[in-house]
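A.B. asks: Now for the letters of each chain:
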Amino acid sequence: MALFARKSRGGNWESLTADGPFDLSFPTDVLADMLDGANEVSVWRVEDPPGVELEILAAALHAKSVENLTDVTFRFISDWQVKEKLRLQMRQTPGESVDTPLNKSGAHWVIETNCVDDAIRLAHGFKQRSPRTLNRAAVMRRFALSIQEKRISDQNIAPRLWKRLIDDGYLAVVAEPEVVAEQATPANR
Amino acid sequence: MRHSGALTYLNTMPGGVMGNATGAGVLVVDTSTFLSVNSNSSTGTMVITQSANQAVASPAYTFSTTVDQYKRIFSAQCDRVSNYIFGQLEYVSRSDDEQNESISEGIANVISLVGEPAAYTAFVEAKMLKDNPGMLGPLFIGIATADHKETEQDRVEALRRYAGDENYRVRRAAIRALGRMEAPAAQQALKDISRQNQGAELGQYAAALLR
Chain Z
1 MALFARKSRG
11 GNWESLTADG
21 PFDLSFPTDV
31 LADMLDGANE
41 VSVWRVEDPP
51 GVELEILAAA
61 LHAKSVENLT
71 DVTFRFISDW
81 QVKEKLRLQM
91 RQTPGESVDT
101 PLNKSGAHWV
111 IETNCVDDAI
121 RLAHGFKQRS
131 PRTLNRAAVM
141 RRFALSIQEK
151 RISDQNIAPR
161 LWKRLIDDGY
171 LAVVAEPEVV
181 AEQATPANR
Chain U
1 MRHSGALTYL
11 NTMPGGVMGN
21 ATGAGVLVVD
31 TSTFLSVNSN
41 SSTGTMVITQ
51 SANQAVASPA
61 YTFSTTVDQY
71 KRIFSAQCDR
81 VSNYIFGQLE
91 YVSRSDDEQN
101 ESISEGIANV
111 ISLVGEPAAY
121 TAFVEAKMLK
131 DNPGMLGPLF
141 IGIATADHKE
151 TEQDRVEALR
161 RYAGDENYRV
171 RRAAIRALGR
181 MEAPAAQQAL
191 KDISRQNQGA
201 ELGQYAAALL
211 R
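Order-wise, the sequence lines are chains Z and U.
FYI, my numbering numbers position 38 of the first sequence as 38, with every residue one higher than the one before it.
FYI, my numbering numbers position 14 of the second sequence as 14, with every residue one higher than the one before it.
Warning: the hint list may mix true and false statements.
Each computed BS3-like pair below joins lysine-lysine, with the alpha-carbon atoms no more than 27 Å apart [claimed, not checked]:
#1 Z:K104 to Z:K7
#2 Z:K7 to U:K191
#3 Z:K127 to U:K149
#4 Z:K85 to Z:K150
#5 Z:K163 to Z:K85
#6 U:K149 to U:K127
#7 Z:K163 to U:K149
#8 Z:K127 to Z:K83
#9 Z:K64 to Z:K83
Quick list of simulated restraints, FRET-style, between CB atoms [what the hints assert, rightly or not]:
#10 U:P184 to Z:R91: 14 to 24 Å
#11 Z:E149 to U:S93: 25 to 35 Å
#12 Z:E96 to U:A185: 49 to 59 Å
#13 U:N167 to Z:K150: 18 to 28 Å
According to the in silico footprint, chain Z covers these stretches of chain U (three or more CB under 8 Å from chain Z) [what the hints assert, rightly or not]:
#14 175 to 182
#15 205 to 211
No lab work stands behind these hints: they were computed from the structure.
All C-beta atoms, glycine included, are put in the ideal place defined by N, C-alpha and C.
The shape of chain U in the complex, shown without the other chains (with noise of 0.2 Å):
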């Protein structure tokens, strides 16, 4: 089969990174001499180069991409993360807040080191825990005092929903930790808290940790 002219198709390949990128296409160019099929994308460009002369059906092979193996990484540090955390949050006892303090400091420490993907991690946990006020608060004293200038605006708001939470104890817990942060925001938030909450015990106790 002989083509003539160029051909352009859309390359629809399902999780294929230059599926998913606006304006990546495959040119497929005919000289009958031999095939070269042009892929490009808005991250690269790549010759395939073919000697047969024939058409190139659609392709059964799937791409490994920079960004499945950044995918991988990723997703195994998530999963390293959690295990830590949840690890951390097992030694988490009613009564003993030096105890809960040093396990704060080890999620910390843990998201200050890997960024991102802890932080992220993190917030995930502390919505399976929702229900588990106790071991919210050593989680979320933790994702406060991490000294990770990148995620601080986003940990600051993941602590400010939960200071609108219904239950008073993750309430309570997430003003504390608003309270432990320097950030502009951190300290914005707890001023607003103690508007809202005017006259009530956690209007007092934000403003407090704003002093």
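This is chain Z alone, in the form it adopts within the complex (with noise of 0.2 Å):
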């Protein structure tokens, strides 16, 4: 069984529990974190349990200008729940983060949520299981070694991150050895 990850920026989810509210008391920063624009909400498919592609995305989902990398907490839903017990239309999108085989794989997906009920029902579902945070140093380490295995495109690293992998140590500037051309020499001519 896979499971969506969803990166998730704050909110009082604490204050939720699995069976309530449904009403009008739901708190509000729980789906503002949850909602994307256009009523959706973007997720990453990984496997159940994460493993090393939970890393991948957390070094993943920083935006190009970004000059520091910080925490990532996630959230996760099953496939199962989404598609079979909330019934909630999905598609599969390419994704837009700054791993372009990551973006390529086809594990970006989009709940679409209709109503207010649907964005409930869906932080519920989230809810159910415990969320997960990768500290600073763990992100940094895997976005050094997203640079390394070239996921990562030096274009999308602002020169002030790439500063900072190289003073704390994330990273290291080695020189390839030079290729001296051979020089013709009156044997070899």
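Two chains, two frames, a set of hints: combine them into the complex.
C.D. replies: See below:
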């Protein structure tokens, strides 16, 4: 079974219990944290339990202009719950992360919420699984690794982030061995 | 009027450093020919010689001491830092984490540079912004990520107090900021928070930031 992971930026999720509320007292900051524009919820497909792909995702979900990386919290919902239990529509779309192979892997999905009730039920679905936080050091480490593996192009990295990765010891600049052209000698002419 | 012998008066000038200093006093010595006043404090001694042969009345002047000057300098530094922090926090965005991160970095830099006046001014600002968790987040990160060893312990303690606030968002912001500190005291604070909130989201969050 696969899971869908979503980056969470805040909201009082702690006040939310598995069985309520489903009414007007539902915390709005939770809805604000969950919904993207146009009543859509952007999620990424990961394995259950999440493995290294979650770290790759954490490194990938940063803006190109970002000069520093921070801790990332993910919330999860199972594909069975979205499709079978909540019966919400999903569609696969190209991802817009800084990790090109990840974008091309087809891991990015969008859950459509047509009304507030859909959004509240979806939030309860996300609440049923424990969130997972990757601290800044882990994100920086994985970001450096993604650069090394050429998953993240150097065009997507701000100069100050380069400097920070090197200064903090996550990346080292290693000069490639100089290739000296073989000089023509009378013997091999 | 003539005095014989030596008289000792306790200097009680309001605000004067000698008035506050333990054991500070003014010794008036009358030799009939001239009056000398030996004024001493715990920090220094000065001798004022007067040719008038008269008793020294309670002085109406005030001392301008080095401490007064330090106070003025410290106060001016606090004002400048306060203006800077508020100026930075005006640009806090509710949706742009990256922008908030650069605001935090600016605040951290000024604390690293100015030290105590900046750190304690930031605490005052945090207290004033207590009902505005959106702004507190970047301010807390700035307080946490400053590179100033002398205020590190106080910064940890301040954030630790906010981690027990009644407002969930303030608690979370403080825990997040503690997670950005490498000080052993901050790590210990996260361990304590994780233990106290075991099973709750914030407890898990604190534990995750420790790893």
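A.B. asks: Please go over all the hints and tell whether each is borne out by the structure.
C.D. replies: Checked hints:
Restraint check for K104 (chain Z) and K7 (chain Z): the C-alpha separation of about 19 Å stays at or below 27 Å, so the hint holds. A hinted pair counts as satisfied when its Cα atoms are at most 27 Å apart, and K7 (chain Z) with K191 (chain U) qualifies at roughly 24 Å. About 40 Å separates the Cα atoms of K127 (chain Z) and K149 (chain U), which puts this hinted pair outside 27 Å; it is violated. In summary, the hint linking K85 (chain Z) to K150 (chain Z) is not supported, as the alpha carbons are separated by about 39 Å, beyond the 27 Å threshold.
Note on K163 (chain Z) and K85 (chain Z): the hinted pairing is violated, with a Cα-Cα distance of about 47 Å set against a maximum of 27 Å. Distance restraint check for K149 (chain U) and K127 (chain U): the Cα-Cα separation of roughly 22 Å lies within the 27 Å cut-off, and the hinted pair is therefore satisfied. Among the hinted pairs, K163 (chain Z) with K149 (chain U) is consistent with the structure: their alpha-carbon atoms are about 23 Å apart, no more than 27 Å. At roughly 16 Å between alpha-carbon atoms, K127 (chain Z) and K83 (chain Z) fall within 27 Å of each other, so this suggested pair holds.
Of the supplied pair hints, the one linking K64 (chain Z) and K83 (chain Z) is violated, its CA atoms being roughly 33 Å apart against a limit of 27 Å. Remark: the range hint 14 to 24 Å for P184 (chain U) to R91 (chain Z) is contradicted by a beta-carbon distance near 49 Å. In this structure the hint that E149 (chain Z) and S93 (chain U) lie 25 to 35 Å apart at CB holds, the actual value being about 32 Å. The supplied range of 49 to 59 Å is broken by E96 (chain Z) and A185 (chain U), whose beta-carbon atoms lie about 40 Å from each other.
Look at N167 (chain U) against K150 (chain Z): about 44 Å separates their beta carbons, and that is not inside 18 to 28 Å. Given a C-beta distance limit of less than 8 Å, the hint that chain Z covers the stretch 175 to 182 of chain U holds, as 3 residues qualify and 3 suffice. Check on the stretch 205 to 211 of chain U: 5 of its residues sit with their Cβ under 8 Å from a Cβ of chain Z, so the three-residue criterion for coverage holds.
Comparing the model with each numbered hint stated earlier shows that hints 3, 4, 5, 9, 10, 12, 13 do not hold.
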